[in-house]
Amino acid sequence: MSGETHVESPRRLVTIVAADIAGYSRLVGMDEEGTIARIKRHRRDLIEPTVAEHNGRLIKWMGDGFLAEFSSPVEAVRCAVVIQQSMAGRNAALSRPHWIQFRIGVNLGDVIIDQEDVFGDGVNLAARLQALADPGGVYISGGVYELVKNKLVVGYQSLGDRKVKNITDPIRVYRVLPDPAAVAQARRSRQRLIAALVALVFCSAGVAGAYAWWTATGTVRNPATVSSPLATTPAPSGSTALPASPAVRAPETKEERVAAAKPPPKPAPPREPDTVALPGGAFLMGSNDDPSERPVHRVSVPPFAIGKYPVTIGEWKQCVAVHECPESATAGENDAPVTNVSWADAQQYAAWLARVTGARYRLPTEAEWEYAAHGGTQTKYWWGNEMKPGVAYCRGCGEPYDPHHPTKVGSFPANPFGLHDMSGNVAEWVADCWHKDYHGAPADGSAWQSDGCREHVLRGGSWQNDPSYLRATSRDSYDTGVRYLTHGFRIARSL
Amino acid sequence: MMGRLTRRRLLAVFLATLVAARAFAGPTPAAKDAYLYFIWPGEGQRIKGAFWCRFGLRNMGVAPAGVRSPNTGHHHLFVDVDEPLNANEPIPQDKKHLHYGAGQTEARLDLPPGPHTLQLVLGDADHIPLDPPVVSRKIHIVITQ
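Chains as they are written, first to last, in this note's numbering: chain A, 1 to 495; chain B, 496 to 640.
These are calculated hints, taken from the structure and not from any lab test.
Predicted model, so just to flag it, every value in this text is computed and none were measured.
Among the clues, some could well be false.
Stated by the list, open to error - Covered stretches of chain A (in silico footprint by chain B; criterion: 3 or more residues with CB under 8 Å from a CB of chain B, positions within the stretch not fixed):
| no. | region |
| --- | --- |
| 1 | 84-94 |
| 2 | 376-382 |
| 3 | 409-421 |
Stated by the list, open to error - Here are some chain B residues pointing at chain A (derived, C-beta under 10 Å):
| no. | residue |
| --- | --- |
| 4 | Gly539 |
| 5 | Lys543 |
| 6 | Gly544 |
| 7 | Phe546 |
| 8 | Asp575 |
| 9 | Ala597 |
| 10 | Gly598 |
| 11 | Glu601 |
| 12 | Arg603 |
| 13 | Asp605 |
| 14 | Thr639 |
Note that CB positions come from ideal geometry on N, CA and C, so glycine has one too.
Using the sequences and the hints, build the whole thing.
Encoded structure:
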């Protein structure tokens, strides 16, 4: 006991969310490192930010699950539903045995809260509910149900009273259905499955009949005349050609397999992107043109080098060739800027380039980028305060303009620092996490990072944006791991 | 031996036809009874300051952009967009066309005071609207100070 009087009771009425990963040992047994890395990623990108967004607190992370407390049962259930829906989305790209599925129980109870842990019946009950829940499901206690039933637009299914281990009285259990229509849908989808099975049986009967007819007639037609365009199509394996499989457009999930099938390439040093070394210095970052650019603040940028152009498809392909970068972004001429890259892809390229060259390549920080884009000027654009023809590529920048494609790098004049395409063409990822304005931004030119960052900063506007996005101070954001057709990047190097 | 070859050829033709049929189909098909809506806010709602906008989708699933799984898509929120939707092009990305490609089903919005319109549009793995487009009703809200 400390000498100070501590009047605050450690007992509190809170909503406890207990979650664990279904089949954790099986997942770890199958792929220990991969599973743990994925769980870590889910924790950082999904669990921690979602709990925080719903005003909750992560009390304990157990490796195969977690405990969180919320002061509002509505927020607790909402958080559980968001986590489950997001996990379903994240699992969609994987085969079933690799799915990471949480079972979640939510209970309202009087508990004893300690900094690192939480105790009491209320917690045990949440854990029991979680153990009852099906993978991907959320089970709530009767107490929680009474408080949220009219406030959340989700469906509930009563599972009646359940007797659980080590708890004297039976507890009332409800299953949360993310959508009120889900019950009906579940029933309908079963009917659809039966219909599909029946159709499949008929279909295979038809195919069998066709075989029989084909072999019986014995006519050897020239297959080339029957199917000249089709005969060249490599015969797909049965499983990938089922009509229910996803669309045929460039499937990204195939990339790894395709890459793995290629013979190992000869290691050749990559051609490093052209860079311009800048002296650095102090400048006023931001503007009053948009709330996201406020407040205008003084930043000192140390000397650094930055790409003369955005990274090109030719440069990107060198990284793809050694299986270090995804193949999704290689459509186009070699001197076109690489597009359809996420921030994570851009980061991967920079990390690879730094590793193979030994130079300190990285993404530019947002401050470095803005300093470079101004080119020593203080106007909205490096050429003045208004858009004019022949200086940049965007919607409304002048002719020629093709809304479907970026233009090859260096098609427009360089700014006073010798940098091309800072405004327009592709929007460029920078190292910083997205913050809605500059309150609390660093003043030393470093990247502004934060934990659980879901969005990063894009600068310079794209060829599909209007001229206001091309201002040196204009900021935009996008989800860190998501690719979009107008997004590219340029690299920087520490000196 | 001959029969086996012919059969294999026939199978190849059959499967290739399926592939070709899908290639010609072009856009990603929407589920027949897909329904996109705002859980919150409602039509005509007056809201003070920033708020959580919650997206509802029935009979289809939400998957992150880039995931090619049947009957899934991801949310896009159109704020004050008056131009008609171009159903054959990727949904634009700017301050009026907000993307939720990580598979989000809710978003914190901080709009300037005044009247605004909101509309949800579901996009496929490449941010292209589904066929037929799955869009919500356009709702009108007012942000008060």
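Status of each hint after checking the structure:
no.	hint	verdict
1	84-94	holds (count 7)
2	376-382	violated (count 0)
3	409-421	violated (count 0)
4	Gly539	17 Å, violated
5	Lys543	17 Å, violated
6	Gly544	13 Å, violated
7	Phe546	13 Å, violated
8	Asp575	14 Å, violated
9	Ala597	4 Å, holds
10	Gly598	3 Å, holds
11	Glu601	7 Å, holds
12	Arg603	8 Å, holds
13	Asp605	7 Å, holds
14	Thr639	17 Å, violated
Comparing the model with each earlier hint shows violations of hints 2, 3, 4, 5, 6, 7, 8, 14; every other hint is respected.
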